[in-house]
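A.B. asks: Order-wise, the sequence lines are chains A and L.
Heads up: the first sequence begins at 0 in numbering that gives the first Met the number 0, then just goes up one per residue.
Heads up: the second sequence begins at 0 in numbering that gives the first Met the number 0, then just goes up one per residue.
It is worth saying that the hints were derived from the structure and are not from the lab.
Fair warning: there could be bad hints in the mix.
[To be verified] What follows is a set of in silico ranges between Cβ atoms, one per label pair, in the way DEER data are often shown:
no., chain 1, residue 1, chain 2, residue 2, range
1, A, THR208, L, GLY174, 16 to 26 Å
2, L, ILE114, A, GLU91, 51 to 61 Å
3, A, THR208, L, ASN113, 16 to 26 Å
[Stated by the list, open to error] Sample of chain L residues with no beta-carbon within 10 Å of chain A, all distances over it, derived:
no., residue
4, ILE87
5, GLN123
6, THR166
Every residue, glycine too, gets a C-beta built ideally from N, C-alpha and C.
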Amino acid sequence: MTKAVKVFSKTLMVLLVVTIAFGGATSCKSKKKLAQEKAAAEYAVKVDQAKKDLTAIIDGSTNWTADEMTQRIATITSYNIDDQEVKGLIVEAEQKVDELKAEELRKAEEERLRQAEEAKRSKFLTIDEQFKAIASAANIDEANNQIQKTIQEFETPDIPVLIIISKNADFNDYDKPTTISKFLNYLKDKKQYKYAVESVKKNSLGKITELELIIK
Amino acid sequence: MKKLAYIFVTLILFASATAMAQDQLSSQRKQAVDSLALEKVRDLSKYITIIGDKETPWSEANRVIDRAEELFMQGSEIGVSSLAKTEISYYGVRKYFERLMRLNYNKVEISWYNIEYVSDLQRQPDGTFVGVITIFQKFKGYDAEGRLVYQDTTKKDITIYVKRKETQIGGRLIGFWDVMLGDIRVKETSK
Numbered sequence: 000m001t002k003a004v005k006v007f008s009k010t011l012m013v014l015l016v017v018t019i020a021f022g023g024a025t026s027c028k029s030k031k032k033l034a035q036e037k038a039a040a041e042y043a044v045k046v047d048q049a050k051k052d053l054t055a056i057i058d059g060s061t062n063w064t065a066d067e068m069t070q071r072i073a074t075i076t077s078y079n080i081d082d083q084e085v086k087g088l089i090v091e092a093e094q095k096v097d098e099l100k101a102e103e104l105r106k107a108e109e110e111r112l113r114q115a116e117e118a119k120r121s122k123f124l125t126i127d128e129q130f131k132a133i134a135s136a137a138n139i140d141e142a143n144n145q146i147q148k149t150i151q152e153f154e155t156p157d158i159p160v161l162i163i164i165s166k167n168a169d170f171n172d173y174d175k176p177t178t179i180s181k182f183l184n185y186l187k188d189k190k191q192y193k194y195a196v197e198s199v200k201k202n203s204l205g206k207i208t209e210l211e212l213i214i215k
Numbered sequence: 000m001k002k003l004a005y006i007f008v009t010l011i012l013f014a015s016a017t018a019m020a021q022d023q024l025s026s027q028r029k030q031a032v033d034s035l036a037l038e039k040v041r042d043l044s045k046y047i048t049i050i051g052d053k054e055t056p057w058s059e060a061n062r063v064i065d066r067a068e069e070l071f072m073q074g075s076e077i078g079v080s081s082l083a084k085t086e087i088s089y090y091g092v093r094k095y096f097e098r099l100m101r102l103n104y105n106k107v108e109i110s111w112y113n114i115e116y117v118s119d120l121q122r123q124p125d126g127t128f129v130g131v132i133t134i135f136q137k138f139k140g141y142d143a144e145g146r147l148v149y150q151d152t153t154k155k156d157i158t159i160y161v162k163r164k165e166t167q168i169g170g171r172l173i174g175f176w177d178v179m180l181g182d183i184r185v186k187e188t189s190k
């Protein structure tokens with residue numbers, strides 16, 4: 000009887016050990032699975048978000064700056080997502096950012112030129128206004144008076160006036176050079192001033208010695 | 000010595016290439032030259048109006064004649080027609096303007112319109128560009144009582160010569176387009 004009890008308790012112990020052993024292992028396995036499933040879900044979200052962001056960059060529906068786009072593409076690239084669609088989108092998005100950067104550079108250059116042109120215009124505004132006054136004079140006497148006033152700004156009535164008709168990369172095309180005296184009378188005759196002062200050279204007394212205009 | 004010769008040849012080649020580039024006209028430059036030539040014809044139109052205007056002071060008219068004469072090549076002629084005569088008379092430029100200033104009307108109105116190319120500027124072997132611009136001239140002559148006593152409309156063809164030249168100004172070499180007007184031929188005259 001005692002033997003039977005001993006065998007029974009031994010069997011119970013073995014069963015208990017086996018149950019604990021198997022039960023614990025099963026619990027570990029389900030935790031791993033859960034972790035895997037969680038990781039897979041997170042990865043899917045990441046891929047989905049990457050696709051959305053890249054598409055937004057490509058179709059221009061984001062408010063990010065070009066630098067922010069570059070940063071986002073770099074982050075997505077660092078994920079090493081093994082998905083052909085994402086890889087293709089990255090290439091497209093990079094091209095789009097390159098185009099945007101080139102466009103931003105072009106606009107910045109245009110703005111710089113515009114500001115430089117404006118600064119130049121305001122610098123020569125007085126001369127331009129004097130020329131306009133001659134062209135818009137009501138009659139010959141008024142135009143002649145204006146010419147007499149304007150010509151005082153020049154070293155002599157014969158100083159050269161150059162008129163640019165076309166600007167090229169490393170040289171300009173000019174109309175036949177004339178003198179300030181002839182040019183001012185030309186404005187009186189034509190009753191039209193369609194130029195802008197491009198450059199002015201002055202002597203030590205501040206009188207103009209050379210005038211360059213451009214056709215507007 | 001060899002190095003010097005190399006530099007010299009390179010400089011010559013560079014200068015020739017630059018000169019060739021400046022002679023070959025891009026469409027933008029060609030357009031600028033076309034416009035410049037048209038503008039010279041418009042200048043002449045304005046000068047003719049001023050010279051013909053009886054209210055223009057004599058000294059002003061003479062100054063404008065000088066400017067107008069400068070637009071033409073030496074020896075150019077301007078045709079004059081009338082509804083009363085079938086033949087067309089041709090005058091030297093100066094003489095034409097002097098006659099215009101002394102026309103026997105109390106008031107003269109001259110206007111040019113439809114100024115356009117009939118033959119585009121074409122490059123000639125000597126580098127000169129030659130073209131023809133046509134204009135329509137409306138002439139009106141009034142008597143002392145302000146009555147319109149004569150009017151006609153004349154279609155005229157003006158030959159245009161354009162050549163690229165260079166000059167030194169303030170130590171700089173300036174490349175400019177010299178536009179010269181040639182003969183002005185009468186094509187038709189109507190009322």
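A.B. asks: Decide, hint by hint, whether the structure agrees.
C.D. replies: Verification of the hints:
no.: 1; hint: THR208(A) to GLY174(L): 16 to 26 Å; result: holds, 21 Å
no.: 2; hint: ILE114(L) to GLU91(A): 51 to 61 Å; result: holds, 53 Å
no.: 3; hint: THR208(A) to ASN113(L): 16 to 26 Å; result: violated, 42 Å
no.: 4; hint: ILE87; result: holds, 28 Å
no.: 5; hint: GLN123; result: holds, 19 Å
no.: 6; hint: THR166; result: violated, 6 Å
In the structure shown, a violation is registered for the earlier hints numbered 3 and 6, in ascending order.
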